[in-house]
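Protein chains in written order, with UniProt numbering: chain X, 1 to 342; chain V, 1 to 342; chain S, 1 to 342; chain H, 1 to 342.
Just so you know, the hints here were simulated from the structure itself, not pulled from any lab data. Treat the numbers as computed from the prediction; the structure is a model and nothing was measured. Hints are supplied without guarantee of correctness; some may be wrong.
You can't tell identical chains apart in this list, so a pair holds if it fits in one copy or across any two.
[Said to hold, decoys possible] No farther apart than 20 Å at their CA atoms in a straight line, the calculated lysine to any residue pairs in the SDA-like style are these: (1) 89 <-> 123; (2) 2 <-> 329; (3) 295 <-> 171; (4) 3 <-> 30; (5) 225 <-> 105.
For reference, the chains in residue letters:
Number of protein chains: 4
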Amino acid sequence: MKKIGIVGATGYTGVELLRILATHPDVEITYVTSRSNAGTRVDSMFPNLRGFIDLEFSDPTTDALAQCDLVFFATPNGVAMKHTAELVKAGVKVIDLAADFRIKDLDVWSKWYGMTHACPELVEQAVYGLPEINRERVKSANLVANPGCYPTSVILGLMPLLESGLIDLDNIIADTKSGVSGAGKQANVATLFSEMGESFKAYGVGGHRHLPEIAQIFSLIADTKVDLTFVPHLLPIIRGIHATIYANANNDIDFQALYEDRYKNEFFVDVLPAGSHPETRSVKASNMCQIAVHKNPESSRIVVLSVIDNLVKGAAGQAVQNMNLMLGFEENIAINKPALLP
Amino acid sequence: MKKIGIVGATGYTGVELLRILATHPDVEITYVTSRSNAGTRVDSMFPNLRGFIDLEFSDPTTDALAQCDLVFFATPNGVAMKHTAELVKAGVKVIDLAADFRIKDLDVWSKWYGMTHACPELVEQAVYGLPEINRERVKSANLVANPGCYPTSVILGLMPLLESGLIDLDNIIADTKSGVSGAGKQANVATLFSEMGESFKAYGVGGHRHLPEIAQIFSLIADTKVDLTFVPHLLPIIRGIHATIYANANNDIDFQALYEDRYKNEFFVDVLPAGSHPETRSVKASNMCQIAVHKNPESSRIVVLSVIDNLVKGAAGQAVQNMNLMLGFEENIAINKPALLP
Amino acid sequence: MKKIGIVGATGYTGVELLRILATHPDVEITYVTSRSNAGTRVDSMFPNLRGFIDLEFSDPTTDALAQCDLVFFATPNGVAMKHTAELVKAGVKVIDLAADFRIKDLDVWSKWYGMTHACPELVEQAVYGLPEINRERVKSANLVANPGCYPTSVILGLMPLLESGLIDLDNIIADTKSGVSGAGKQANVATLFSEMGESFKAYGVGGHRHLPEIAQIFSLIADTKVDLTFVPHLLPIIRGIHATIYANANNDIDFQALYEDRYKNEFFVDVLPAGSHPETRSVKASNMCQIAVHKNPESSRIVVLSVIDNLVKGAAGQAVQNMNLMLGFEENIAINKPALLP
Amino acid sequence: MKKIGIVGATGYTGVELLRILATHPDVEITYVTSRSNAGTRVDSMFPNLRGFIDLEFSDPTTDALAQCDLVFFATPNGVAMKHTAELVKAGVKVIDLAADFRIKDLDVWSKWYGMTHACPELVEQAVYGLPEINRERVKSANLVANPGCYPTSVILGLMPLLESGLIDLDNIIADTKSGVSGAGKQANVATLFSEMGESFKAYGVGGHRHLPEIAQIFSLIADTKVDLTFVPHLLPIIRGIHATIYANANNDIDFQALYEDRYKNEFFVDVLPAGSHPETRSVKASNMCQIAVHKNPESSRIVVLSVIDNLVKGAAGQAVQNMNLMLGFEENIAINKPALLP
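Let's have the full structure, built from the sequences with the hints guiding it.
Okay, structure coming up:
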């Protein structure tokens, strides 16, 4: 049994990690931290875990974390970068669910996250934890930067087209919609039930932190600078991301076959039959990404629809997928379960 | 045109007052205050009011408030009691939408609200603003204590039975359910969308501030001490209260006729046909209270169902109803509109 | 008082017409029809109308409808076209809230609606009832085709750019999201609460009836064929449409000023300050369309955000706006009310 | 691997059975029936099952069902009673998730379900499948009547008090609230999203089928006739039941200890710490029942709060719990997973 620590487990990605790992046969959660809730039983904050997690939150110490085989940081941006170097030096594998190690260009990172990076030397070394791109590198990584939720949905949705060079690189639009849990569990007027319920809006049209993350990966795949228009919206649901991606084909091939072929060996990417419209509920509580690709026969326009659960494939589930790879387990252990419908 | 001021208009009862008064032909909102948002345009905080309210929030001053004919306090508990005496002395009529003047017994008030009352001399003088009980007293009042949302639904629901002396006074249960807007607009983890959505729970089973308010009115009506079991719950909707009230009849009469007769002259209390189940949506955005009374023919049990919009008949709408009475207008001006359905 | 009839008033656009007209000072609803509910009181089906509408549903007869000054058809597609000619001949003005008279090209209409048109001679004569384009023609019309909900949001959102010739006509995308009430009140598994709640999906990517309606108006405005990519999605809310519209500028001007200038005299189109993100809730229950225009300074991409209430500006409210024009009333009577927020 | 058949698997209890059984290590779903969808792939109707269930719906035949070790009926009331006798005779174990075998008194059954029973001889033999009462009888049963969702929540909530004889039997009230999925997946105007969303109502105050089911069990436990007032309400959530149960104590003991002791060996009944308010979301997608018991120190009133997921402990999960017992497995296999929160 591998020993697992979770730093900052009082948020939504934290409780989701605990929920998933509670049924993992090969790991043991030994250490769960929260400065502000030290001494509180985990299951008194999260009653869904009663009978499954018999731990209290602890004040984090490096010594205790160094006893773990692998540590997840489910903390706000800027926390993991202060503690990761010590842990990696001590031989502990680290997965950061925040953004500290996602962006390779430190200037870009500082611009979007408003901080100077505390650990630049590890940024280059960190592996971007999207197994569908980086599986082999994740297996041997000491430090994995777990992707953002929007980037996961958009990159998986467009990757086959980018890899094949079949689309115009200057005319890509990602119109994305996310459930409210993506905004976290902080007390905030803007995400109150009475503010978010029965309503819908865009936000961040002028710029969003996930745009440079997506652009970085797109540019790596296409081997040239790729820009895109990225407009996020807030859905009055708790879990789920739906990305509607628009691109223009420069050639006419069987796009359905392209997608099916690209993902035929991927357990967590499911290309739906031609003509489908994936629903976010079909992946709720699951690590699946379901994708449909539509090509208008009378024009060059391609529309890709891609859905994930932002807390699972967009956060905790993907982190466990990465953990499984890093610790040498089967990739889908503990995340091989059907979604909850309805 | 009467001049109206609103103190603390950045919360949900505040914006609802503004929405209702915006279409009132005989009043003019001249002064809207908020310490923390002084200088902000009202319609930049509440875009639904663009084109209807052309004002900024001001830092409140007694001088400016004293220019008004009537002032609403849409503030947290404990604010109105500090400013009302001066205004009343200056001849300004005051309606407090909070709880400062609802409870006559100051010890009870202090126990539940955790403060010493700053203005005991006005408590006795304040009129409890439920027009269906106190219409004539409201008309001549200088200070009205606008009732709580739960008390409005429960008192209107049970009043005909209490007045008639037809039920046991020691076996009354009010199982009440409220939309989340009743909890206000403060940043609070407990009322986030992701906490409240797709869930339901009771709260305050051990005691709730609205219990002594209801008990006080029940005791006045019954002319003896009346206790009740009061259990509030939180509904994953924005607006609406549903009270399910249980009582035991000590006599068998035509309860439907009793209710219809009691409320036949009340514009805002609507007794539904026998066998009905009122829905909260049928009173959404309206000042109506819809009531159904059910008597089990095989037992003495009576079940009363009572619905209101907590922000309208449970707060701002009832406050406008009181204002209309206090200023000598027709009682239903500006609140004589059908509910929004669906 | 003008006499108003409503054919097929048991659906959501029907009840919304009744709600709005109940407070209209210059009209009287004299005749409300429903074949399947003839004899039922209107307010027993819609309890929000108790005290406001004192009518029963009638079996429709041409004689009775001919007594009205104006008749609304709130019926499924294909009904109004069978009865309108007789009414128009009898001097009754008609507003069809369905699609029977929206599309001028009868072949296109038949293709999308799956019927042969029963009244081609009136199609040409019908005025497309978007007052912001056709105000003067609506005033003198006998027959108005009330626009679809998506078309209203998309046309108002893009019109200033189309009129000014400032965008590429071959690269327009409308990513639209609608509340469930747009799907109507028919019993249907797909729109059950348990199917629609806590989920989100696109539909009709391969084609939707509102596409040719939008394209027709766009082509009229641009005076050349305009195509667009139109992808509708279903939101888990009851009311509200949000259109996110993407276009490429061929010139760089002050787009904010362009929009403000275009709509400065329009009561029901409200251009928000630069940088805004309109929310559907800010127009809930109101006839407003709120619009924000965003231009990326580093690219040619324009993003327009446009919100309406699909049942009001997208249906019944716009129909009343048209009625006011046709009957010589002030355009905003009965629809000059702030939205319901929260 | 035991062979499992499911009759009528296109509804919500059917898909939930499939979701749970898909991860059960000791059973194999071999046969899934639906008359109206024969030939359709299960995962084309339920995309959450893609990759987990590789079956088509079949037209049911007794021969094929007789090949199974155990058959679930997830059918409307009145179906299982026509087919169970043959299956039991063939040695197949049967669990009926509908109401055909829940009520022992056939006159009562006929009154509430509006049919004559087709198989009275099996009614007496059927075991009421609430393992917390009938564990040993379920283990040896050939036919299990899976309890209703409301009865499960109410019986588990009140059982310790009834067994101990500590409450008045003539003054019990169960005010219950259920998510909409409890109403099933039939096309129905009343359960449309636009009808159920943002609203709340009681229904069946005059009588509900689950009342005689609860009363029957209560009377068995108390060994005398027990009546109760039962008022169900509809919550705008998909999953979850909350029962608020009121009783009067005839003695004052440590009720918290009573409950903890009664359920200390029950895996699926979790008594929360004193003063708790269980939330339906804490048991979403799980087979847990969470209970809190509150006693007012100043009166004899006891308030019990009990939550379950109506599709799991209230239907499919409890059915699997019964299956595990009937087939000699550990009771909690495949249902030993934390709830989904948030």
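- Ascending list of hint numbers which this structure does not respect: none
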